[in-house]
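Trainee: Could you use the hints to bring the two separately framed chains together as a complex?
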Amino acid sequence: MMPLLSVHGLKVSIDTDEGTAQVLDDVGLSLERGRILGVVGESGCGKSTLIRAIMGILPKGARVERGEIWFEGENLLVFSERELNERVRSSRIGFIPQDPLLALNPVFKVGTQLLEVMRWHAPDDGSRGGERRKRHVGRLVGLLRRMQVPDPETALERYPHQFSGGQRQRLLIAAALACSPRLVIADEPTTALDVTTQHQILLLLRELVAEFGISLLFVTHDFGVVAELCDDLCVIYAGQTVEAGAVLPILDAPAHPYTRALLACHPDRATSFTGIPGSVPSPLAPPPGCRFAPRCGDVRAVCSAGQPPQGRSGTGAEVRCVQYA
Amino acid sequence: MSPQPILTLRDVSVQLGGSKGFLRKTVPPVQAVRQVSLELQEGEILSLVGESGCGKTTLGRTILGLQRESGGEILLDGRPVGGLSPEAARHARRGIQYVHQDAGAALDPWWSIGRTLEEGLKIHGVGDRAERRERVAAMLSAVGLEPAWGRRYPHEFSGGQLRRVALARILLLQPRIVVLDEPTSGLDMSVQATVLNLLLDLRERFSLTYLFISHDLSVVERLSDRVAIMYLGRIVESGPAKVLFAAPTHPYTRTLLAAAPRLAGRRATEHVAVRGDPPSPTLVSPGCAFVDRCPIGDAACKAEVPRLAPIAPQHEVACHRASVEQTASIRARRRA
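Chains as they are written, first to last, in the working numbering: chain A, 1 to 325; chain Z, 1001 to 1336.
Just chain Z, with the same shape it has in the complex (with noise of 0.2 Å):
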């Protein structure tokens, strides 16, 4: 029996917008994440993986508090701290703090950076002046800048550097579980190895636990310990980073892995590609979701909803086709 996980989630599901229309239309709500299911342990790197509009940030900022979940349940060390109002919830949820994928956009340019980072410790309510720019200054040279750039304002910093500084500003608070939104995006490639080389350094020092959400699959297989793979608001395989890797298993993740340019000399004509586009999420359909761009999908596919079922320890996939092509195949193998 593993550890209790220090975030657990079970079956949530989140809706967002639509409109009881009284004088304006009525518009349906989107089902954003569809009854996710996850398992956070203390000190792990998970990574959320999906195309753009598959839910993952949504989730991620379910998980922090900022948005309602419409169902299921959220513990944190075992402690439910779902179904709360976003205010009470970020009060229960402190311990869980959130990077923003445009770290530039998430500073006030108005402000020097000394002064941001010393706002989140006055509204924690920590101490006397002198100890607050003692603390800001020690995180500025802990995630590499200098301690006297805290002077300096949004615009003087290079991209890599706000990273920095988005980092500081968060681990000033103490987390335990960092949500880390697309990190490395719109990074040179020499930047995004220096930001990922201090991700992996903070996680020790710091002892903290990450939800790594990023569509950047070379970057996913370096640094996760395990994978999880959404598409259209469910996660339809999870696993650890080296079997998900390795074996792939629903035809999505295959396809997925298949499209992701990667560096070992492979040419793109070697590959039939996917059909049409990322679904809508405003889209429902009865059964899976990847039915129309699936290479083996068949009838049973279109009628129900496949669940995340294990084929491996640890290993879970979501598709009809996937289990039976696994049993299979150990038949096979039985009877060989």
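Next up, chain A with everything else stripped away, as it sits in the complex (with noise of 0.2 Å):
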């Protein structure tokens, strides 16, 4: 079967004053039906330009070169702003931002704004006017006592500063979900909340991809998360995937170097904080061949010259080695 979203080559780069940066080279993902896929990388690695991507919200002075972002069947990229928002942006695609705080506007009601994503983006039941709306509401109210928010029936009139840091996030959570989504793309949801709050959100999110058939698309920086929550992991580097496939075999006999190298700076990994040598690669001069030849412990001679093949590990990820090759 085909997966449900599944992009290729993707190529951005984004105009600047010092010149071209090659944010995304060559990223690729596959996000099956009801699962949850990790996607892992440190901080400028291109995470949130690839999900800006697939949702068409790419900033300013940012462009596609090449690649194909696959949902349902459907290229993405050759879908027009106007077609992207009627047909898919909270409809079919559904999103939890890393701060609800951030997302929410203070000054109107928590309900004036979940009901106007429900108003513009809601599938077409045939009801019109007040009785669309009353339905919404209803919808709403439903999905917010199932997120667990106390008072679900008032939780509508009161404004954003009302509710606690991990309250918000269930109504963020509550908002993706009101158009009846397939696909949520969550980044970095938990960043901002205490332990306790985070393990509640994460169970929740595992318990709503059963519930609602969706598949959760998770951008995170926390191997500890992706290990408790996710089924595939998809591991990037420098604009690039250089380690995808199931979570647990990645986490237990990580391939590729920079996964190892990554692996053993935790924590509960560690035998001692010695750290990767060096830093990531300025998207605007990137080395040539892999991009984490520079760094690597493992480098050949062939490693600077091209890119490396693509290959499989001896657990089935996908791993851009030339070891693997």
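No lab work stands behind these hints, which were simulated from the structure alone.
Where hints are given, some of them may not hold.
One-sided excerpt, in silico: chain A residues whose CB lies under 8 Å from chain Z [said to hold, decoys possible]:
# : residue
1 : Val195
2 : His221
3 : Glu228
4 : His266
5 : Leu284
Distance windows between CB atoms, simulated [as the list claims (entries may be wrong)]:
#  : chain 1 : residue 1 : chain 2 : residue 2 : range
6  : A       : Leu102    : Z       : Thr1026   : 49 to 55 Å
7  : A       : Tyr159    : Z       : Ala1246   : 21 to 27 Å
8  : Z       : Ala1246   : A       : Asp298    : 31 to 37 Å
9  : Z       : Asp1225   : A       : Leu102    : 35 to 41 Å
10 : A       : Arg312    : Z       : Ser1285   : 43 to 49 Å
If you want the footprint, here are the derived chain A segments under chain Z, 3+ residues with CB under 8 Å [unchecked claim]:
#  : segment
11 : 122 to 129
12 : 159 to 169
13 : 254 to 265
14 : 269 to 276
Virtual Cβ for every residue (Gly too), placed ideally from N, Cα, C.
Mentor: This is the structure we're talking about:
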């Protein structure tokens, strides 16, 4: 069966004052129906650009040079802005942002904001005007109850500041699900939360994936969260997918030198805190050949000669490294 | 008998805010820290762990003297240094320094790093300019930066490098105790590792004692000698890191440990989430603060605040039920 979402050879560049930055250079991923895919990478690796490209909200000056983004059998990159708005955003792809406080307007009631989304994007069920609005309120209250927001009936009449951080994130999960999307993209939705609240939200997300029949694309930099939540994993380094496959095999036996080095930095696993020497290359002047070669402990002469081929590790993960070609 | 602790806190409480209303509304103060007792041994790393609003940062600030305690005693090398105004307290506690959570925000963007670092030495009356320059350069290389980078400005540094600058700044003042407030939050994992490595290295080289404030349990487990868990202003459990992570006893500690995302493959669904949100410190209840979220709390817990009591050498827990269960299991073992 075809995956719900698949990205192939996506290349995105952004024009800056100092030249053209190659932010994404051949990123690929594949998300099967009903699964949770974790996209992991350090800051500046292109995680945010990737999800912006999928939703068609790339910043000014950015352009897709190459690649395809297939979602439910359609290439999203050929859609016009209007088509994306009417047929994709919110209605078929929901979004959970990183900071719930930034995503909510402080001067409008929560209900006004969430119903606005539904007014534009909820599927047409034949009802109009007041009748349609009433149905939307009904669905929202039901969703808020499911999200365990206290007093869901009155919650819509309250303002964002009247909710705690965890509750605000629940409101936005409800908003993401309001128009019955097939795919939900979450951008580090638990980084701003406390450990126990984060745990509650992760549990909730896992239940919702099964209950609402959605697939979840979960962007994070926290391997601990990936281990707890995700089914599949896609590791990104300097705008390229370096390793992708099922979570547990990769965590048990990471294949790409970058994945290995990154996991070796995790306090749960580190024998000594050595870190990874060097720093992430600038997208303005990426190194020739393998992007990780200048920092790699296993580097060979061929690594800087050209782009490493896609290979397969012993555990079945796709790995971009000459060792597995 | 253990040697004299470098820093001792006895029943320290801190009230924040509050105003008596004459023209404005009367606001009751917040009890941010409640009767905290702690001992910091020379050379150790003690971690203070808790969720936002539990009072760990306030306690750190109180130890520094930036925040005046409302009750209790603070002893440095056995000498009382508490009850002072912030200015006098900072003077008496020069040996304690603080690394800010947001290293970048603590630096003046218009000053070169070298000038910022020199300023600290100037304030503390360190001799001539040449000597100050020399010490700044030496310290920059001690924290792994190029001495020539003293001419650069904060925006030219990455997050990890800014932590190094922040460390250089306080180490110039030759502290004995360093309060590290979330020193690795917001850093990428590979950078976090190098910063932790540096912290361990500096502790050796400058014989430092760390009070490590954090909510990242993976880091805490790896780094600390001892751990104190805070909940709503009180320490609910403290003990050696190995013991505490192997046998967490307070229900809150257990909850926290179960909730922390860890690499060792365990699925979130296998755990029951704790109920409710972390409480607000403005709430005052007569009993245990955790009782409303506690899986084993009972009526007695609502009536009386549990005291921190030893259940094993160096391992203390503040829970009515934990000690009951402990005694019950000891009795059961005796009978068996």
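Trainee: None of the hints should be skipped; say for each whether it holds.
Mentor: Structure-based check of all given hints:
no.: 1; hint: Val195; result: holds, 5 Å
no.: 2; hint: His221; result: holds, 6 Å
no.: 3; hint: Glu228; result: holds, 4 Å
no.: 4; hint: His266; result: holds, 6 Å
no.: 5; hint: Leu284; result: violated, 16 Å
no.: 6; hint: A:Leu102 / Z:Thr1026: 49 to 55 Å; result: violated, 34 Å
no.: 7; hint: A:Tyr159 / Z:Ala1246: 21 to 27 Å; result: violated, 45 Å
no.: 8; hint: Z:Ala1246 / A:Asp298: 31 to 37 Å; result: holds, 35 Å
no.: 9; hint: Z:Asp1225 / A:Leu102: 35 to 41 Å; result: holds, 39 Å
no.: 10; hint: A:Arg312 / Z:Ser1285: 43 to 49 Å; result: violated, 58 Å
no.: 11; hint: 122 to 129; result: violated (count 0)
no.: 12; hint: 159 to 169; result: holds (count 3)
no.: 13; hint: 254 to 265; result: holds (count 4)
no.: 14; hint: 269 to 276; result: holds (count 7)
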